[in-house]
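Protein chains in written order, with this note's numbering: chain A, 1 to 304; chain B, 1 to 304; chain C, 1 to 304.
Any given hint might turn out to be false.
Heads up, the list lumps identical chains together, so a pair's fine if it works in one copy or across two of them.
Below, computed lysine to aspartate or glutamate pairings styled on DMTMM-like, alpha-carbon distance capped at 20 Å [to be verified]:
| no. | residue 1 | residue 2 |
| --- | --- | --- |
| 1 | K57 | E28 |
| 2 | K300 | E250 |
| 3 | K57 | D41 |
| 4 | K104 | D234 |
| 5 | K70 | E105 |
| 6 | K300 | D82 |
| 7 | K233 | E210 |
| 8 | K244 | E78 |
| 9 | K216 | D271 |
| 10 | K241 | D41 |
| 11 | K45 | D235 |
| 12 | K233 | D271 |
| 13 | K300 | D271 |
| 14 | K57 | D248 |
| 15 | K70 | D82 |
| 16 | K183 | D234 |
It should be emphasised that the hints constitute simulated quantities derived from the structure, not laboratory data.
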Amino acid sequence: MDSWLASNLENVAIALSPCCGCSVANTERDVNLPGTAAVIDVLEKLLAVLYPGCHGKAPVSHESCHHHLKETLQEIVEELYDQTHRSFEYACNKVKCIQCGDCKEKARQSVMALMDGLPGIRNMLQEDIQAAYEGDPAARSTMEIVMSYPGLYAITVHRIAHALYRQGVHLIPRVMSEHAHSKTGIDIHPGATIGAGFFIDHGTGVVIGETCTIGKRVKLYQGVTLGALSFAKDDTGALVKGVKRHPDVEDKVVIYAGATILGGDTVIGHDSVIGGNVWLIHSVPPGSKVYNQTPSPVIKPSGQ
Amino acid sequence: MDSWLASNLENVAIALSPCCGCSVANTERDVNLPGTAAVIDVLEKLLAVLYPGCHGKAPVSHESCHHHLKETLQEIVEELYDQTHRSFEYACNKVKCIQCGDCKEKARQSVMALMDGLPGIRNMLQEDIQAAYEGDPAARSTMEIVMSYPGLYAITVHRIAHALYRQGVHLIPRVMSEHAHSKTGIDIHPGATIGAGFFIDHGTGVVIGETCTIGKRVKLYQGVTLGALSFAKDDTGALVKGVKRHPDVEDKVVIYAGATILGGDTVIGHDSVIGGNVWLIHSVPPGSKVYNQTPSPVIKPSGQ
Amino acid sequence: MDSWLASNLENVAIALSPCCGCSVANTERDVNLPGTAAVIDVLEKLLAVLYPGCHGKAPVSHESCHHHLKETLQEIVEELYDQTHRSFEYACNKVKCIQCGDCKEKARQSVMALMDGLPGIRNMLQEDIQAAYEGDPAARSTMEIVMSYPGLYAITVHRIAHALYRQGVHLIPRVMSEHAHSKTGIDIHPGATIGAGFFIDHGTGVVIGETCTIGKRVKLYQGVTLGALSFAKDDTGALVKGVKRHPDVEDKVVIYAGATILGGDTVIGHDSVIGGNVWLIHSVPPGSKVYNQTPSPVIKPSGQ
Chain A
1 MDSWLASNLE NVAIALSPCC GCSVANTERD VNLPGTAAVI DVLEKLLAVL
51 YPGCHGKAPV SHESCHHHLK ETLQEIVEEL YDQTHRSFEY ACNKVKCIQC
101 GDCKEKARQS VMALMDGLPG IRNMLQEDIQ AAYEGDPAAR STMEIVMSYP
151 GLYAITVHRI AHALYRQGVH LIPRVMSEHA HSKTGIDIHP GATIGAGFFI
201 DHGTGVVIGE TCTIGKRVKL YQGVTLGALS FAKDDTGALV KGVKRHPDVE
251 DKVVIYAGAT ILGGDTVIGH DSVIGGNVWL IHSVPPGSKV YNQTPSPVIK
301 PSGQ
Chain B
1 MDSWLASNLE NVAIALSPCC GCSVANTERD VNLPGTAAVI DVLEKLLAVL
51 YPGCHGKAPV SHESCHHHLK ETLQEIVEEL YDQTHRSFEY ACNKVKCIQC
101 GDCKEKARQS VMALMDGLPG IRNMLQEDIQ AAYEGDPAAR STMEIVMSYP
151 GLYAITVHRI AHALYRQGVH LIPRVMSEHA HSKTGIDIHP GATIGAGFFI
201 DHGTGVVIGE TCTIGKRVKL YQGVTLGALS FAKDDTGALV KGVKRHPDVE
251 DKVVIYAGAT ILGGDTVIGH DSVIGGNVWL IHSVPPGSKV YNQTPSPVIK
301 PSGQ
Chain C
1 MDSWLASNLE NVAIALSPCC GCSVANTERD VNLPGTAAVI DVLEKLLAVL
51 YPGCHGKAPV SHESCHHHLK ETLQEIVEEL YDQTHRSFEY ACNKVKCIQC
101 GDCKEKARQS VMALMDGLPG IRNMLQEDIQ AAYEGDPAAR STMEIVMSYP
151 GLYAITVHRI AHALYRQGVH LIPRVMSEHA HSKTGIDIHP GATIGAGFFI
201 DHGTGVVIGE TCTIGKRVKL YQGVTLGALS FAKDDTGALV KGVKRHPDVE
251 DKVVIYAGAT ILGGDTVIGH DSVIGGNVWL IHSVPPGSKV YNQTPSPVIK
301 PSGQ
């Protein structure tokens, strides 16, 4: 390969050099984003304070637990402040803002809001854990849920990402939620609003869109989509960003595997049950039971 | 952020401190669980003895292979004994048992059963590899299957996890199976009983429940659910744990993508073929062919 | 466990020792494959030159970017040459070829073709990024797509894997594509041919078969299968490998979530729209709109 290195390496490197508007590189110039690995590092520290000793190699000693919490919280604050600061500056720069003295302040506010909100997030997660324990006959202990359930992992990351999203931070929570999607197959946009006592069983293939709202004690199974029906376009034909386009699911609804519920005007009334594989694009009143009147499949006996 | 660190850090750390019954922390007190990262370490060592040289950076030298096997097996024994011991003690403690002298013995028995069973597990895996090679026209070599097929990864982890589950170990096999679920999108509960020559193609979205039994030379495609139809509740309204609630699939059955088969009384007779997206909640006799009589979709030509 | 180690360790190690034809081990003898971890290392370096500074911990400095590209490209060339060389020798050995002097030359040609093709791959990826930005109302910047969208990750890995596949390298691109499958839930066989401006939204459960061809500016949603209808068998009953068995999708087609399109003779004409959950096993002309005439699900109001 020596001849290729001598003759072509330089040219390929030049051809791959990022230009100003090519949007594929995060190179240090004026303002820059954190790399995805740095964001995931902070996320793992957040998991380590929410569930001490559960996801590492060994338990945290009882005596050192308070020290572990303080030390890890301090690292999170410092790293996340730097990341959100860069992220606000980057977004600011994107829209040609010149006067950006408040990016530091916005970063400070965002990080403080998340940190001060952590005890409240943990209270919600305890309700989520309890809902999983009560909802799954296979669960033998709440610790099994903390250590192995993908649904709990996904909602934990979501509750963190959503807190940042509400502060106007965008890229960092998206990197976090896609990390959870990668690990669990559960794709929850950081914008979705989800009440306490939420349980997703199995979870692979679940999609929950940005403008969804979900009430308390809702239970979903694998492959459920809470999505958009169609996308509004502006006069130029470009998609309009930011409009309400995903459904509302009220308290104590159960949605079985593979059901698809679409549209920003669709409301699933509280205490409803939506059957497996149902396709629903309009609202149903509280207490509804919705299921497919599936014609039985054809069964040909042996030899026919 | 210095003012936040000075004023609020201590309070947030106190608010996040695990209390006795909050079930979110694994802190060293009397008995403790291994962390999930430690369990996954042992799992990767088990893969390294079942498939030497395949999943690391380089092949194992032929001369050192026996030494590599012995050394890795010894590490597995020591680490897994510690982990199962803690896991039994933890479960024991949970049900307020005081007299726990036999936790060590139970851990010893469990680890020995797994280790002595490894050659038998590898024989089954060789049948699984052969089934994948014969069942997938895209497979060019059996080594391609070992190195890249998610279905083989999932069944390998399952055969290990199931061996521990049968010894009464619960949390450790669940952490292993959810690690495989995370990597492959295939969710097999460690309790499921699965015969040799098992092949899952593509695999994303497959769910196989705790009380399933699956015969020999069965083939599944992506998105197949072998699940529960409904959950029995006791007098207090709580779910009854441990009852048979998932189907039995007999030898040489093929189940195509997206099929859903539910219920503890459902038996799919041997040599049956279940078509894509079929929804089946009752038994079918051996040799059945089951498919949806799908009405053709509506096709609107261009301009209509 | 000491007694087990003294009495049984040796026997289990012997029982697990790989034999010549057992196909479960990659042990250094004459020729050998790279381990999967080594292949994934090279893949991550390729991502680092295509998206500098995006996936690591920090941005790449603007001044050092050219140096970073050259250095990383050189590492890729050296490692990938070694890996493809081993891979050709291994395949060669498998079919009992004795005279293998050209394996080095084939490896050299393959690596040069990939490296010289990288700038062209990056141009296609920029069209993919633009398609994602225009196709998803939730996307706020193109950098969000680079850093977090699983669809872009999967098509990036595919474009690399496909370039190697076209050079006759088989195992290495399969390990790469299954790594992307593991991270994203999107399973694209390296053999599939996919045009520029390709966008997969959400993505979990997507399967794209080896002999698919997909035109320009095609958009897929989660759970779409472009698969085989049935497999041809030879006189001995073994599957015939290598025949065309997956569909062709022409330019500017949109395929909604959960649709299944099967068969090597199936052609989806350009500018067609295929609705959610449609099951299609024959061709449709350009501009078709295909959807299920789903009977509305049964809705039982509360109390019934």
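Here is what the structure says about each hint:
1. K57 - E28: between (35 Å within a copy, 13 Å between copies)
2. K300 - E250: Close across copies (17 Å), not inside one copy (42 Å); limit 20 Å.
3. K57 - D41: Both. Shortest intra-copy (16 Å) and inter-copy (9 Å) distances satisfy the 20 Å Cα cut-off.
4. K104 - D234: neither (34 Å within a copy, 56 Å between copies)
5. K70 - E105: Result: close neither inside a copy nor across copies, 23 Å intra and 39 Å inter.
6. K300 - D82: neither (65 Å within a copy, 53 Å between copies)
7. K233 - E210: Intra 17 Å, inter 35 Å, cutoff 20 Å: intra-copy only.
8. K244 - E78: Classified as neither: same-chain Cα gap 35 Å, cross-chain 51 Å, threshold 20 Å.
9. K216 - D271: within (10 Å within a copy, 42 Å between copies)
10. K241 - D41: neither (30 Å within a copy, 37 Å between copies)
11. K45 - D235: neither (45 Å within a copy, 42 Å between copies)
12. K233 - D271: The answer is between: 18 Å across copies meets 20 Å, while 35 Å in one copy does not.
13. K300 - D271: Between copies, since 12 Å is at most 20 Å while 39 Å is not.
14. K57 - D248: This pair counts as neither: shortest intra-copy Cα distance 40 Å, inter-copy 37 Å.
15. K70 - D82: within (19 Å within a copy, 29 Å between copies)
16. K183 - D234: neither (36 Å within a copy, 34 Å between copies)
Hints 4, 5, 6, 8, 10, 11, 14 and 16, counting from the list given before, are not met by this structure.
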